[in-house]
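Asks: Those protein sequence lines, which keep their order, are chains S and W.
My numbering puts the first sequence at residues 1 to 492.
My numbering puts the second sequence at residues 493 to 984.
Please note: incorrect hints may appear among the correct ones.
[What the hints assert, rightly or not] Computed list of lysine to aspartate or glutamate pairs in EDC-like fashion (alpha-carbon distance at most 20 Å, straight line):
1) W:LYS548 - S:ASP59
2) W:LYS629 - S:ASP327
3) S:LYS480 - S:GLU439
No wet-lab data here; the hints were simulated from the structure.
Protein chains: 2
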Amino acid sequence: MEKEKNEKNKKLPKKEEINEWYPEVLRKAEIMDYGPVSGCMIIKPYGYAIWEHIQKYFDERIKKLGVKNAYFPLLIPESLFSKESEHVEGFAPEVAWVTHGGGTKLGERLAIRPTSETIMYEAYSRWIRSWRDLPLKINQWVNIVRWEFKHPTPFLRSREFLWQEGHTAFATKKEAVEEVFQILEEYRRVYEELLAVPVIKGLKSEKEKFAGAVFTSSVEAWLPINRFSQAATSHHLGQNFSKPFEIYFYDKNEEKQYVWQNSWGLSTRSIGITLMIHGDDYGLVIPPRIAPIKIVIIPIYNAKNKEDVLKYAQEIREMINKLVRDDEVVLDDSNDTPGAKYYYWELRGVPIRIEIGQRELKDKSVVIFRRDKREKENVSIKELSKRIQELFEDIHKYLYDKALKELREVIIPVESLDELKKVIEEKKAGIAYWCGSVEEEENIKYVTSGAKSVNNPLEGELERLGIKKPKEKKCFICGKKTDKIFIFSKCI
Amino acid sequence: MEKEKNEKNKKLPKKEEINEWYPEVLRKAEIMDYGPVSGCMIIKPYGYAIWEHIQKYFDERIKKLGVKNAYFPLLIPESLFSKESEHVEGFAPEVAWVTHGGGTKLGERLAIRPTSETIMYEAYSRWIRSWRDLPLKINQWVNIVRWEFKHPTPFLRSREFLWQEGHTAFATKKEAVEEVFQILEEYRRVYEELLAVPVIKGLKSEKEKFAGAVFTSSVEAWLPINRFSQAATSHHLGQNFSKPFEIYFYDKNEEKQYVWQNSWGLSTRSIGITLMIHGDDYGLVIPPRIAPIKIVIIPIYNAKNKEDVLKYAQEIREMINKLVRDDEVVLDDSNDTPGAKYYYWELRGVPIRIEIGQRELKDKSVVIFRRDKREKENVSIKELSKRIQELFEDIHKYLYDKALKELREVIIPVESLDELKKVIEEKKAGIAYWCGSVEEEENIKYVTSGAKSVNNPLEGELERLGIKKPKEKKCFICGKKTDKIFIFSKCI
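Whole structure, please, built from the sequences with the hints as guidance.
Replies: Put into structure tokens, the structure is as follows:
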């Protein structure tokens, strides 16, 4: 934990150089590091602790909905993987194939799971017999490999990532469709309540839906690299898998019925989205509810008062330990200068810094520095616990509101493809009434050099977030009457 | 959850047919299922919940020791994997190789991690610079693939399994060696305090140590298939990896030093060991501290008193909910017969069954059936909470003591290779003073048709467990003077 003193005054201009800022800050703050294989990164303890917060939060929520965790094999035989045709078409170009075990060539190639529909549903077809076996709600927290050839970006686009994948089966379409949106709401909660990231709930277009789904819903976040990012997805699979996989049950009238299925996933991409959105020129800004270190205490002393100041700092630490876990507070009593310590802990995005010197010792107070606004205030120790709790709430709210303001400002109503082209060139997103046709989406992509439809926000969603709606209820390209609104932008 | 009524009286003779009993009971009790690839099984929710208990317990313990979780890539380039010669020799025959990404042949083959020393230590060599960076203590909870060609057994021998692997680096040999035994003690706690399985702490022989280790310590458990099973291992790697991987630091005198390293792991094998040891002719017997369902309530009613009995059962359930989590209690009010319900929940090893009928309703009491001894008792509801807590402790102790008795009885002192041969033929284990030579161990294996050294129990361990020691302090094969005692048996 040696502080890099010579760098203490170096700022990292975020807005101007976001493509350098992002990986540099993540590495310097020890969130991640590169591994020997391109696109397969190391999640370091300081980054993994964020994932543990996300896991704990979401895992508790879905268990309350009756979802149970399990583990299915990593390796899927090629023949099984190929059983649903749209699905294999969508994923085959990105599969990493195992061909040898030890020195022996395998009889059949094995896919490293790019998602687990096929291996899970082969089992579901054996496990589900009667209406009593439904609903079946299983989740797993696992690693995934998708061998993409696009330029990798830590957390946002990597060949291996961690996620949870929920796979549920119901007796009726109604129950299944209800669950799609129940889970989507849980994803919104993760982002908004835990990560302080506003997201738009909506439906993907026909072209952008999951390979094999009837429809895909998503939460989408706007990133400072001027792109939307699919933050989590919840798919309704209908009977697209239950038919080829023969997943059926006998209902109460002893009649054979195919099940209705969903699958839904949230990945370590959520870490990248959060850190990219909230950071600033001084490094990371981690929202309090997921911060691995929530408070750092910096004693400021000279040879004469060192002992007294350190003793006082220790008292403050004990006071704080009633509020947060012991490993979430650091008392930095190393020999580095206060300036070097400030630099070090600001880079790491610790939400609250407490400074303690001679004056505070005398006053029975502390100086609190909040990382989000970079503002200081003096607080008496009587008020300390209360003030820290307020600040945690306030920092969360400030970060959320700031991100929401950016989201609102970046989405511009457009009424023609030309207008959309212009908006995309200005590195913003467009919003328009659109009929949703696949050919038009291909044209949009061509004309705008790569923009896609983000999603079709759910009813009430634009109002909730305060995003301006376009005016005329007709497709901005073909002019057909439609009441579907879509957002368009470059995406990662 | 339809009960298989026609099977309600079917017993599964455990002792006589253990090789059929084990996989049959695990599948029927829905602990696991087979997947499409041989040796790669599915851990079903009822089995995975046991793993979650083990994870929670051990994760909290190691975090108190300052260990932090992280995630390293699944795929290791062949060149990196081959950097430590003994290590690659030991693992290469079992590696699953990835050769293609999508349609493209990779420039270099990638190993699916059979263990993560090499990929982690490549990073450690970049992360460790100064004495201030030590100790470094990192753990990961991940999946592992070892492409063995031996006959697979669920949990005990499978091609893919889940584990934790801790990888630590220290400035001095002394600190590292101390940690080896600190972790070994934590493994003992997992088995004895959580899983009710007595284990022997000891050192592996030269032949049986980990590929690349200076020495390997282990906890070992005796299984009813007449074999010892390596239940967890803690290795001291010395500088065997730090030298080829160039992991060094500058000490307080600015001198360059190579680090001293350990690695240690506990896998889902622990689930197999626990279930195989404690089960009986009626199915699983799950120790209370890891039981996914701790209590099942069976109401016994007729058309006349159904409503009253169910109401009373609900009251009992609410009372119990103060003791255990809501999802750990089941009130089975399905339409199956009580007998079918008994069969179903006994097979699943639920530690406590509560039966409630007309008499109990009238008495304000319940009948408690404890799964371990299969004994019933009547308990007044005033005493219920207290009695349940006592029973949880008592069942744990009973299971542990029963397994310990078997362990004691099966280890027979031997004074010659002939005596060992006889003991192994009788499906027991031998214990003897032994010099530890690799050639003699090869001979032991040959003469006994496959027995190995289990471990050299740590000082005080045989006394602690009440295992008889052999007499003469000389090697039972070559007669050389030695004070090392080893246990020998067939192993899985």
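Asks: If a hint holds in the structure, say so; if it does not, say that too.
Replies: A quick look at each hint next to the structure:
1. For the proposed pair LYS548 (chain W) and ASP59 (chain S), the alpha carbon gap of about 13 Å is at most 20 Å, so the pair holds.
2. In summary, the hint linking LYS629 (chain W) to ASP327 (chain S) is supported, as the alpha carbons are separated by about 15 Å, within the 20 Å threshold.
3. This hinted pair checks out: LYS480 (chain S) and GLU439 (chain S) have alpha carbons roughly 14 Å apart, not beyond 20 Å.
Of the numbered hints stated above, none is contradicted by the structure.
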